[in-house]
Amino acid sequence: MNEAVLATVVAVLAASLRLATPYLYASLGEMFAQRSGVLNLGVDGIMLVGAFVAFYGTLTTGSVWVGVAGAMVAGLAMGLLMSVVSVTLKAEQGISGIGLSLFGLGLSSLLFKVLVGTVKTVDGFRPIRLPLLGDIPYLGEIFFTQSPPVYVAFLLVPISWYVLERTPWGLTVRAVGQNPAAADTLGVNVTLTRYVCVCLGAVFAGLAGASLSIASVNLFQENLTAGAGYIAVALVYFGGWRPVGILMGALLFGTVTAIQLRMQVLGIAIPSDFAVMLPYVLTIVVLTFSANRARQPAALNQPFERGGA
Amino acid sequence: MATGTRLPSGVRNGRGRDVLGTVLRTALPLVAVAAALLVGAVMLAVLGADPVRAYGALFEGAFGSTSGITQTLVKATPLLLVGLGICIAFRASVINIGAEGQIILGAVFATWFALAFRTWPGWLLIPSTIVIGFVAGAFWGFVPGILKARMGVNEILTTVMMNAIALQFMNYMIRGPLIDPAGVTAGQYLAQSEKLPEQVWLARLIPQTLLHAGIFVALALAIVTYVFLWRTTIGYRIRAVGLNPDASRYAGIRVPRYQALSLTLAGGLAGVAGAIEVIGVQHRLLDGVTSGYGFSGIVTALFGGLHPLGTIPASFIFGGLLVGADKMQREVQVPSSLIQAILGLIVLFVVASQYWARRRSNRTNDAPTTPAAAALGAGDGQA
Amino acid sequence: MKIRKLLLVAAALPIIVAACGTPAASAPSVAPQSASPAAATASQSAAPPAAKLFRVALLMPSSTTDLAFSQSMYQALVAMQGKAGGQANFEIKFTENMFSVPDAQAAIRDYASQGFDLVVAHGSQYGAGVEEIAKDFPKVSFAWGTDVNTFGLPNVFAYTAAAEQGGYVNGVLAATLTKSRTIGVTGPVEVGDAKTYIAGFSQGVAAVDPAIKISKTWTGSFSDVAAMTEAAKAHITAGADVLTGSSQSVVGSIGAAKEAGNVLWFGTQADQASLAPKLVVASQVYDWTVILGDMIPKIQSGTLGGETYTLQLSNGGLKIAFNPGYALSAEAKAVADKAIADITSGAVKVTP
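Residue numbers (the numbering used here), protein chains in the order written: chain W, 8 to 316; chain B, 2 to 384; chain F, -10 to 341.
Since the hints were derived computationally from the structure, they do not count as laboratory data.
Hints may contain errors.
[As the list claims (entries may be wrong)] Over the 12 angstroms line for every Cβ pair with chain W, so calculated as not near, a few chain B residues:
| id | residue |
| --- | --- |
| 1 | Phe64 |
| 2 | Thr67 |
| 3 | Trp124 |
| 4 | Phe140 |
| 5 | Leu148 |
| 6 | Arg151 |
| 7 | Met162 |
| 8 | Ile166 |
| 9 | Glu199 |
| 10 | Ile207 |
| 11 | Phe229 |
| 12 | Gln341 |
| 13 | Ala353 |
[As the list claims (entries may be wrong)] To give an idea of the chain F side of the interface with chain B (calculated C-beta under 8 angstroms), a few residues:
| id | residue |
| --- | --- |
| 14 | Arg44 |
| 15 | Thr84 |
| 16 | Glu85 |
| 17 | Asp92 |
| 18 | Ala95 |
| 19 | Asp99 |
| 20 | Asp136 |
| 21 | Val137 |
| 22 | Gly141 |
| 23 | Val178 |
| 24 | Glu179 |
| 25 | Thr185 |
| 26 | Ser191 |
| 27 | Ser318 |
| 28 | Ala319 |
| 29 | Ala321 |
A virtual CB, placed ideally from N, CA and C, is assigned to each residue, including glycine.
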């Protein structure tokens, strides 16, 4: 009996890591964009294009790495488009992101329709049991029997933290997001920094899409993300623009999703609709009652005008 | 700074004395749309469709016939209502991504109310159903509003999450308490409510079209919103909060309170859109009641220069684009996803094009940015 | 200079489209696919190659390639087109991803005013529009589903599918094949034929052995593939060795079954064997050609509606497509065949 409970807990936790993975990629990427002062609401569209390209690359070449590379390039292209519109042309970021999302949704569906046509599956990433670590009872099954994109996503958390908080470039990014005019006076290229951050974020979003299409579900379908990109943006706020906070948010969201699915499997008698609501409700509740309320980058959502306000 | 939504210069004072600037501002978005369509034409051609025929169908479908124009107005109604709410929210520097959920709440409770009080006469039932829609949507805007004001929880997070919650709530209501009993008897279990009593249906303005009286409600609320924002103290404070929160704070305005209020009102207007969709078009609650208006309403409001009166022509134009896009799919049989992509490009190009208008208005330092607002001589209310 | 940059990026994207491959046949004149042969019970096999062009317009909520509800009707029409002698005699126009009800109503009216012979509104949410518009176009025939209501109009056909019947057969077979005596169901939202299919499936399982455990999950979305995948994994880790589910997003569940390697799958709405050739045991397939084959000649001879059709096992509209790639034992096959025969004869009644 105890054994069965333990097995359930292990399965739920392993699932929560899988479920958190796409959000981790996309949210960490969005964090870079926002720390530099750009709100990119187009994450969902970038994820979709990344997911399709990863899927298509894998389908045609048989290599997941071609898929991953393709997703990154696709993300970069979308990121450049967003940068031109939102940084150079200083467009309203909220609306340009919505435009980008719409465009990505349309483009990915169109490419799928034209190039693939019907639902096909690919041989995506498989879970890899890490030597030694994977043999630890329970923990090995939770943490060290996952597919490579999951490991990479979690590795990106400390890496992102280090880059942002401990490197000169990270300082530049934070300065640009906090006080672009001052950064500019000090000789920082604000526009370039924002381009790099938005594009980096978009590459991460492309990877988030790939982690869905060639690691999690191993196929592509129109609107594969089902709005996950918007959740990823929300989790950046949850995480207070810090990698650890984002990790917490993604894990909370993933874990509660895994738990609600398990509750349904176990036949716990609440309407399924309310079970599905749980992760969304709890994210709000937890943030409301936690002390974790960082201030957002002061220049977020404000294009930079040299000498301007 | 709170959430720094940058306001277009429409908020500034000043009359459009600069003729060239006015021409530029009016023409720019059209040029942008044309450029986006040009890119779309390349895509159409690649797919083997004739772009000229396709765009002919788009225009004809939206504006070329009675049925096209009425359909455009049918779409413009919820776009305008949602857009008005977005105007209020964005004017207070609050980003409301939650209109989808607010529409749903308005639609669900309007349906419930109209069915629960089905014996009431129409003159009583119609207005009270719309009010219920307003209250339900306003509640869905109030929650993120109060969380932002009292607990500092960012509204983007709450509104995104609350959209998902609202969707599941509707799923529950139309398969549970509100499910059409006839569908259960027939063993169909369709995701729809019972049909609403006929006296709550809004009058159809032209036979054989969907055009309903809801458009007047939307237009009236546009004027009310304009008066509210530009002619009342509360409206003035909402705009002041958005323009300069720090100065507002020094002036003794309680910034969080006005931001919460603006989100509540935005929610209410989206809720009215939901109620009117139900009693004007669908006559029952159906899955997919929002038709994505929650997002296209944001686009509409920004096309309209975040001005209630500018949003009126903007909703007509954007509604026409959506209607024409459907016609284009029917006529030249391109996948709907291509049309979606082109619409995305149009949004991107139009927001990007405002760059040139802004540059000019920075130089001449007056007048609003967007064509619709400019055309109406909007921006000249006293700040 | 900045304009040029912008245009460059924007122009690059369609070029990607172009570079990626074959200009697509997006037109409806898709080469007649090898559609499933007409049901044995469909008496009038096809419209006679009439001299007059027969024009059909189709509206659907999802896409023509969803491997589920929308695709099933689109393919049926393409099959009818093939039988009628191709495009010259039988024109198909379609509108897909038509989820918005007001848009659908505009489309229905537009098609009707263009003089199509038959407008197929393939989604229960289109009913109100059909009811309203059909009155204005008495010479156009409308078909809509899934529902049973023709609104008392002489030019409206209604159609539906008794999804619970195939669900029952799948359930009987699933109960026969499970070793762990645990079966998982992954559904979208508990409405419509997702609900009725699963209701029938549960009855089928219970008919074999009421002690077999069935657990059900609902993802709350018809399109969230990732949630379906995780739902299926949750079932599998809880001991399920047979899964089923409904909606276009179940491709995610099938993927999870495939990854586990030894979990069987039962499909519905379309033949899903291609997605996991070793693990799909059988699929309930909707074959709308059966009703179209009856409806279209009626329209051609002047009867424009007034009838309700139901796809059933007994009229060949529902079929159980056994996957040839799965080695089904003769005993198990016999159990399924008996279930089919019992439902066809009326000996077993399945409630939706």
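Consistency of the no-contact label for Ala353(B), given chain W and a CB cut of 12 angstroms: 4 angstroms, violated
Interface hint for Asp136(F), Cβ within 8 angstroms of any Cβ on chain B: Hint on Asp136(F): holds, closest Cβ of chain B at ~6 angstroms, below 8 angstroms.
Consistency of the no-contact label for Gln341(B), given chain W and a CB cut of 12 angstroms: 3 angstroms, violated
Chain B contact restraint on Ala319(F) - CB to CB distance below 8 angstroms: Nearest chain B Cβ about 34 angstroms off; hint violated.
Assertion that Leu148(B) lies outside the chain W interface [Cβ separation over 12 angstroms]: Violated: least Cβ distance 6 angstroms, not greater than 12 angstroms.
12 angstroms Cβ clearance of Phe64(B) from chain W: The claim stands: Phe64(B) keeps its Cβ more than 12 angstroms from every Cβ of chain W (closest is about 22 angstroms).
Interface hint outcome for Gly141(F) [beta carbon to chain B under 8 angstroms]: Not OK, violated: Gly141(F) not within 8 angstroms of chain B, min 14 angstroms.
Chain W versus Phe229(B) - minimum CB to CB distance exceeding 12 angstroms, so not interface: 22 angstroms, holds
Whether Ile207(B) stays farther than 12 angstroms from all C-beta atoms of chain W, as the label says: Ile207(B) clear of chain W: closest Cβ-Cβ about 31 angstroms, beyond 12 angstroms.
Closest C-beta approach of Val178(F) to chain B relative to 8 angstroms, hint status: Where the cut-off is 8 angstroms and the nearest Cβ of chain B is about 5 angstroms from Val178(F), the hint holds.
Given hint Asp92(F) near chain B, where the shortest CB pair must fall under 8 angstroms: 5 angstroms, holds
Distal placement of Phe140(B) relative to chain W, Cβ over 12 angstroms: 15 angstroms, holds
Hint compliance for this structure: hints 5, 6, 7, 8, 12, 13, 14, 22, 26, 27, 28 and 29 are not met, and every other hint is.
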